[in-house]
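S.K.: Chains A and B supply the protein sequences, listed in that same order.
The numbers in numbering that gives the first Met the number 0 rise by one with no breaks, and the one at position 37 of the first sequence is 36.
The numbers in numbering that gives the first Met the number 0 rise by one with no breaks, and the one at position 146 of the second sequence is 145.
Think of the hints as simulated: they come from the structure by calculation, not from any bench.
Be aware that a few hints might be false.
[Stated by the list, open to error] In the DMTMM-like style, the derived pairs of lysine to aspartate or glutamate whose C-alpha atoms are separated by at most 25 Å in a straight line are:
#	chain 1	residue 1	chain 2	residue 2
1	A	Lys193	A	Asp76
2	A	Lys193	A	Glu73
3	B	Lys193	B	Asp76
4	B	Lys444	A	Glu379
5	B	Lys444	A	Glu394
6	B	Lys444	A	Asp352
7	B	Lys193	B	Asp63
8	A	Lys444	A	Asp191
9	B	Lys193	B	Asp33
10	B	Lys148	B	Glu79
11	B	Lys193	B	Glu58
12	B	Lys148	B	Asp236
13	B	Lys148	B	Glu73
14	A	Lys444	B	Glu379
15	B	Lys444	A	Glu457
16	A	Lys193	A	Asp145
17	B	Lys193	B	Asp236
18	A	Lys444	A	Asp461
19	A	Lys444	B	Asp352
20	A	Lys444	B	Glu184
21	B	Lys148	B	Asp180
22	A	Lys444	B	Glu394
23	A	Lys193	A	Glu60
24	A	Lys444	A	Glu457
Please read these numbers as outputs of a predicted model, since none were measured by experiment.
Number of protein chains: 2
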Amino acid sequence: MPRHDQPAWRESMRVRFDFNNAMSAAVGAQGLDDREISRLDASIRQAHATLARRRRAGELEWMDLARATDVVREILDFVESIDGRFENFVVLGIGGSALGNTALSTALNAPYHNLLTLTQRGGKPRLFVHDNVDPDQFRGFLRVIDPEKTLFNVITKSGGTSETMAQYLIVRQLLIEQLGDRHREHIVATTDPKSGELRRIVDDEGYRSFPIPPGVGGRFSVLSTVGLLSAAATGIDIDALLAGARYADEICGEPDVWRNPAAMNATIHYLGYGAGRTLSVMMPYGQALKDVADWYCQLWAESLGKRVNLDGEVVYNGPTPIKALGVTDQHSQVQLYTEGRFDKIVNVIAVRDFRETVTIPAGFPPSAGVNFLGGHTLNELMSVEREGTIVALTEAGRPNVTFELPEVNPFTVGQLLVLLEMQTAYVGELFRINTYDQPGVEAGKIAAFALMGRRGYEARRDEIRRRRRTDPAYII
Amino acid sequence: MPRHDQPAWRESMRVRFDFNNAMSAAVGAQGLDDREISRLDASIRQAHATLARRRRAGELEWMDLARATDVVREILDFVESIDGRFENFVVLGIGGSALGNTALSTALNAPYHNLLTLTQRGGKPRLFVHDNVDPDQFRGFLRVIDPEKTLFNVITKSGGTSETMAQYLIVRQLLIEQLGDRHREHIVATTDPKSGELRRIVDDEGYRSFPIPPGVGGRFSVLSTVGLLSAAATGIDIDALLAGARYADEICGEPDVWRNPAAMNATIHYLGYGAGRTLSVMMPYGQALKDVADWYCQLWAESLGKRVNLDGEVVYNGPTPIKALGVTDQHSQVQLYTEGRFDKIVNVIAVRDFRETVTIPAGFPPSAGVNFLGGHTLNELMSVEREGTIVALTEAGRPNVTFELPEVNPFTVGQLLVLLEMQTAYVGELFRINTYDQPGVEAGKIAAFALMGRRGYEARRDEIRRRRRTDPAYII
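Just chain A, with the same shape it has in the complex:
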């Protein structure tokens, strides 16, 4: 039995959510009291029930991704079949088809993964996640990889993502030039199982492909084939990752807000939003979790930033997520967090035990001013700095909460991702908005199509040209 199936081990690896410093007892006027939270009890229970009902109705497929063990099998078989064949695994994707991949790799692969030797990487490929269409970056990228030793994973559910499809077209030609017919072995597609441009291409070209469940939107897809394939290919234990995800799902099965961390943090953010705390800072103390913050920013922004609510009323709703990194950003953002506007809730992610212990050498005669560090460890330094920041924020009356991971491993990371997804789903219900669409992205996309000269968008192009104001008096 793998350890992640043992109850005692699971309990020891439970991510804890500490919201002491979101309460008025700790931060005064900017904090909540028990009654405020309990007053929301009915709404939370209703949100909980709505999510459960929609899940049963098959409308929230993302909530069941961690149960798709057949997908895991299929991915692991594929990864085994390519074992040792590729030096580079390249994701061509953007937004929800990139952020989760990066987050998992930064969290769970070794630091500086791409700079390690093949042996140091245990024979696993380097990972590149290409989520921009910068020509300099793209050309530069081609200098550091050998296409012959590279597998490209094209990820787009609709197949209509211009950025990704442009990259694909360039890569395809490059592969054909270098490898002829064998080029198809270097492309694997992750897309809708039935519809869309990329699916059509897959069928015509005969690429290996993995399906994205049609009901799963990009920002909730990290635990689908979207995120799992690159994770498994680079050596991450995706079984344990999904076990952690299922554990968090179990924890979030609790309808009582006082026992459900995701529901509680949703409540803290929802009530905070109403009181002007419209910014949600995600600040992991640990380099490995840096890109989880980036992933969270998409999840929070696209899910909750909505012009209309479910009744069609214009609400311009939208808390703004902000990524930060401890201890680094203590020397960049914490000045503002402690002294600026009372518009933030700071989410700290703490790591109790790092894998390594690094001792700071004891004693160095010439400098009394640094000797207090000697004999301590970087681990202690990280920890006291985190505590120091929390104390400073709290004393300055700034609400903050802490997710504590016992350690960073696939099980705890899987948990954390689901807790944050569930939290987002709860807040979406409380705000009474559609958490799962992104109509605001369309406008820019259509404008880009029009300016690119795509057929069918001529009228829009003319309109944009007509309306574009560039008064030279407003250019300096």
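Use these hints to put chain B onto chain A, whose structure you have.
M.R.: Same frame as chain A, but now just chain B:
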């Protein structure tokens, strides 16, 4: 004569500031009109005069960094003296002693610099900027560098930065173990010329060192020895960088807000702040400028996030900076920017000409839906997506401004950095706060000292322990 001294070339490389979409003619109610701006004219002129006066009085040394040509000479001589000796250049620093270094490298070194071969890098070292004390990352780092081939640049003006000094102590011991007495050749310090712990150590140990002008604070130090040494060591033309900085200084010599881009964007942000647009998004369209956004976030947050104003009144002032990246974050943040609260001003950085042109292959029979891309370039795609986003933001009534760089080169990057610094200085004057201190960072630092058991902080430690509330009812 270098081209950056030729007036025609300079003019052709001028960074343009377009604020059409910050005006009510473009964005309606959230925009400004000419009169609002002109009404602030006297305040801007006063801010301009105050800065000029303080500069003459030697109080704003950062404004004259670009004129210190002797420093450039000294740095270039040093870089020449170590030419070919090191494979790795490692910055040990944090905050203002790290963000500028990273920004310059990402902007002006080749993409994937650290993954290129020595030959591809033109014999220049890889660059690592170590701005965290994560034990896993630090241990991981030691697996990818050979200390024998590495130069460590310890940067801290005060010498009292715990994170940096801890790293230094660890690295020093490692070097001594491996290299004995020769270890000193692998350390170069950048610190106050006279005072502080690191200066004392430098004097005792005999390290090579570079002075940081005492009046220059971390977040305004990128163009001092702090940022220039690693830039020059990795092959960046720091002469051209400073020429660009001087050109921006010249442009900002203009007291008329309608002719001074830094003063104008300061005005737009200041007036916007008063109207509830308290967030400043920095969104470069170009991977190279990604970390300029990060650098800007420190500059803006630490300079403007202040509890008290110059009269000692409690103001809790603080616009919040947010980093984003085009086109990437169109698929992450733009949904919120177009549909969420009217609380943002989006600063786009556009790049007119990239170094490379990457063509998207024309035509691919199986898929009519992607064929509209064929024959175009990634350059065009980048450009229409930027325009598309600007159109979408503008039509949604969201104020946005654009800095356009003719290309990304040392001259334009030097300009951009100074424009953003000057803009910050102007806003600080308009807010009537002390732009140059960071009292809020102290509280956390002292709490960390106390928790680390540093002598002299016992009372604070006891107080923290006494006041720390962790009610288990608030932990889930």
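S.K.: Where does the structure disagree with the numbered hints, that is, which hint numbers, in rising order?
M.R.: Result: hints 9, 15, 16, 17, 20 break, sorted rising.
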